[in-house]
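A.B. asks: Protein chains in written order, with our numbering: chain F, 244 to 547; chain Z, 19 to 479; chain G, 4 to 286.
If you are wondering where the hints come from, they were derived from the structure by calculation, not from laboratory data.
Incorrect hints may appear among the rest.
Unchecked claim - Lysine-lysine pairs mimicking DSS-like chemistry, simulated, CA-CA at most 25 Å apart:
(1) Z:K140 / Z:K375
(2) F:K540 / G:K8
(3) Z:K383 / Z:K393
(4) G:K52 / Z:K317
(5) F:K324 / Z:K317
To be verified - Computed footprint of chain F on chain Z; a stretch qualifies when at least three of its residues, placed anywhere within it, have a C-beta under 8 Å from a C-beta of chain F:
(6) 294 to 301
(7) 400 to 413
Idealized CB from N, CA, C, for every residue including glycine.
The lines below spell out each chain.
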Amino acid sequence: MANRVEDSEGQRRGSGKAKRRNRWQGYLFVGPALLVLMVTSIIPIIYVVWMSFHRETPSGESSFAGLSNFRQLFHDTLFFKSIGNTLVYTFASAALGLSAALVLAALLSRNVKGSKWFQILFFVPSVTSEVVTAMMFLWLLDYNFGLFNYVAEKAGFERVQWLLDPELAMLSVVLVGAWRGASYNTPIFLSAIQNIPGDLYEAASIDGAHAVQKFFRITVPMIVPILSYTIIMAFIGSFQMVAIVDILTNGGPLDSTMVTLKYIWRQGFEFNNLNYAATLSLGLLPILFLITWIQMKFSDRRAQ
Amino acid sequence: MKLGWKQSIALLATASIFALLLAGCGGSGNSSSSSSSPSSPSSASASASQRDLESEGLPKYNDNISAKGNVNLEVWMPSDWADKQPVKELVSDFESAYPNVKIHLSGVTWEDIPNKINVSVKGGAPADLSMYHPFALGAQGLAEPVDDLWQEWGAEPEFLPGSLLDVTWKNVKYGVPLEVNTTFMFYNKELFQKAGLPEPTESYTFRQWKDDARKIVDSKAAPSGLAISAGGWDTFGLVLANGGDLLKMDGNKVQATFDDPKVVEVLQWLHDLGAQKLAPLPGMQARQSDTPVALFGNKTVASFYSGPWDLAKLRSDYPDLYKNVGTVPMPNGMTGSTDGSVQGGGSLFIPKGSKNKEVAFELAKWFVSDKYALKFAKEMGRHPARAKLYEDPMYKEDPLLQAFVAQLKTAKPYLLDAYPEANQAWSDLVRAAILTDDVQGAVKTAQEKAQKAIDAVENQK
Amino acid sequence: MDMKKAKRWADGITYGLLALALIGFMFPFVWMLGTAVKTPAEAMAWPPKLFPAKPQFQNYAGIFDGSILLRSMLNSVIVTAGAILVNLFLASLAAYGFERMQFPGRKFWFNVVLATMMIPSALLIIPLFFIVKSLPGSAFGWLNTYQGLMLPYAVTGFSIFLFRQFLLGIPKEMDEAAEMDGCGKFQTYLWIIVPMIRPAIGLVAVFTFLLVWNDYLWPLAVSRTEDMYTAQIALKFFQGQYSTNWPLLMAGASVVALPSLVFYFALQRFFQQSLSNLGTGVK
């Protein structure tokens, strides 16, 4: 980025000084943001790391604990179960949600009359907080009071144990996650699809392709970069999910929906094992780092 | 237009500062509390030292308080206390008696209180007075011990012994009991009649309850016999009613007794009720209190167990049904030889690190005073912890409250709250007992987990 | 003739599926609004009814009656607006610095920014509380102040990242042209880049709005008096110790969700355009 310009006043004073000026000028731009992040994120994160190597004494002081918290982590079957649960939730809700979003986006891109209104209303589920969303579904899915079971009974079926059966409870949580994911990602896919040059479709039509063929042979391949972006963002987001489980199942029944963040929260704030909770969240990092690293590789490759 | 490098920095810096200032200049965090104080009681117009507080039913005037100079008291009450008129009245009443004290009253959602106390105490900015279960917070080092102030006050004998358990941990007091309640049995007279059953009496047993549930279902008087809860606290009430307990304090050793036969009996009873479709399966969510009363209100069940708050709810939300409601203390165990229930409510406490212990304690005394405690009972349905207040006519006149008053005598608080991990194990156990068939297996797992957790806490001390 | 028929079929199926999706997305909200005008008994009635026979529209007045909801929504607006403004400015500036400028440590610090996105924020609350309490200001630092409420959202890794992705799509020739006209780095940023990333600004604004408006834990920790509570805290008040007033809670929730929807609606134009530039590399 060396300045090749010669006619600007500032450059005449000598290239040495200009180069030095430019070397650190970047910090003027990133500095303020980094300063805030330092205070709000980085120092607290360092504190969390520090905490994972300590434990709390009865008098409230912190004493050095070496790796004992980490050893506890390795023997913590519930933690590993929670990672498994979270992965199941992540994969399932991402697959369902993103597929639905893709299909909806493709339909919206046909621009039938009234598409604009559909677009706006489709985003409503993303706009309410996770907590309120979960509360709505809590009552729709309730075994004794829920509308869904009322409809099931009216239709002649047995009541469904949406939130009482370990497998169905995970399914219910996945469906709520997918429901939100579909809403959130539809506008993203729609924009990507709208960016695809129309002549590709025309050429395919001339060759006699159906709509479905066009979808799989043109639409999907052309938006692979966006697809990978949304998949990875869905991953990171799903690992942070806790409100849905908190309200619908409280981690049950029988820990079948105990996701990692709920477990960390429980250890840290219900059991007051803050040091151990810090350790657990560090244990989560390798997975998230890996995913983000993959993400970065993709996005940088896209940019070339 | 041509900004040199130096000017660019200046512009950048100014803009950043401006942005942060814009954010900051709206701050008004030091403004006083928003609680709109109603017109103070007429006696407040007299100067503080002229008021005869005792004749009003308040603690006598405490010179120590007025001698303290300007005091700002931060009071965090549960959200369903903070917005009520009697509480706001109390605050302005206290302020007029002690003009040097300014009270900032805020509401906090009940279930968020432990969390908010935890963060504020650990962060070094605690409130001065709050309400929860002080024994649990004292056990975690989040509440100030107040034995010295109790000594000075001398009011200990006035309180229901069960209520004092809510504020005591390892023989140290951490608060002032404010509200007590307990669970008892509610039943629908009409539905019992329809099923051809006599009304439950004080010698009712769990076995009878289950048999009656079957008769209710068979006679189609109602779709289910009773509503059960998967909550740890509610189920502890059943355990106590059966003569069992979850913790045994043997001198200094604390033992979990989940595997006690009386506990297992109760769990099996719950399981059978669900499995045999005599009671609707409860939800798995943390909050269990919404469902049983609604099932009762819809006439889906003919009976349930809960506390006086549901009496108020039935009266306001289901007025027609209310005429047919009957109450009776909890059944006397499986066979009729035991008596007990769980005590709930809450007590005032002073978070650890508060600089205004004495003033906060004085305010706590006002909360439990004759003048205000009865107001809370009459206007808010919050029942007092001081025994003599139960002589008030209101407790004699309402037949439905009799069961509550009777049950209070043998109610015990939920001490598992002091051991969060053991508490979770119990919670999980109740749900496992209802949902799965291997009750014994679930009990064994939970017992081990709970004992391990209790030992871990105890060995640290 | 065949083409027209095929198109009508296709349109029909499109409408059908879109309508199905609409029902699926909207249905819980229909239930929410129906519950908002029920009595507590009707809210938990069996058999359940979507709408009550006699809607209690006064519930919508009831939620404001003697409650802190209005004031707390105002607080949320202030905190959210402040966070958005600071975020837009500092994050876009930082993204420009990371993407367009070379300086020692550039790669390192960018990775640090990414890393901050991955720690669950709940655990950071206690150290953050302590830091905020120690900042200069009053006896309790920035606790119970607007600036304290805003601070954790003032800069987010996500917004820096998003702006940077967007900048990848803007060719460096534009910068160089500006510099040839004698612009310094900051001027290039201000007069050339910012107008070009207007759509990303819309995106970051909306995402930051949702983040701040719906957050609960931090406002709960930092506020000490009711006049500094945010909307989500006030909303939770409808959950009492023993029972929840579901109609009021749902009415309150629908009111609290409204500003987010309005904001999204207003910025919809930006939103649509912006996402097309998100690293597809097509320019």
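A.B. asks: Which constraints among the numbered hints does this structure fail? Numbers only, ascending.
C.D. replies: 2, 5 and 7
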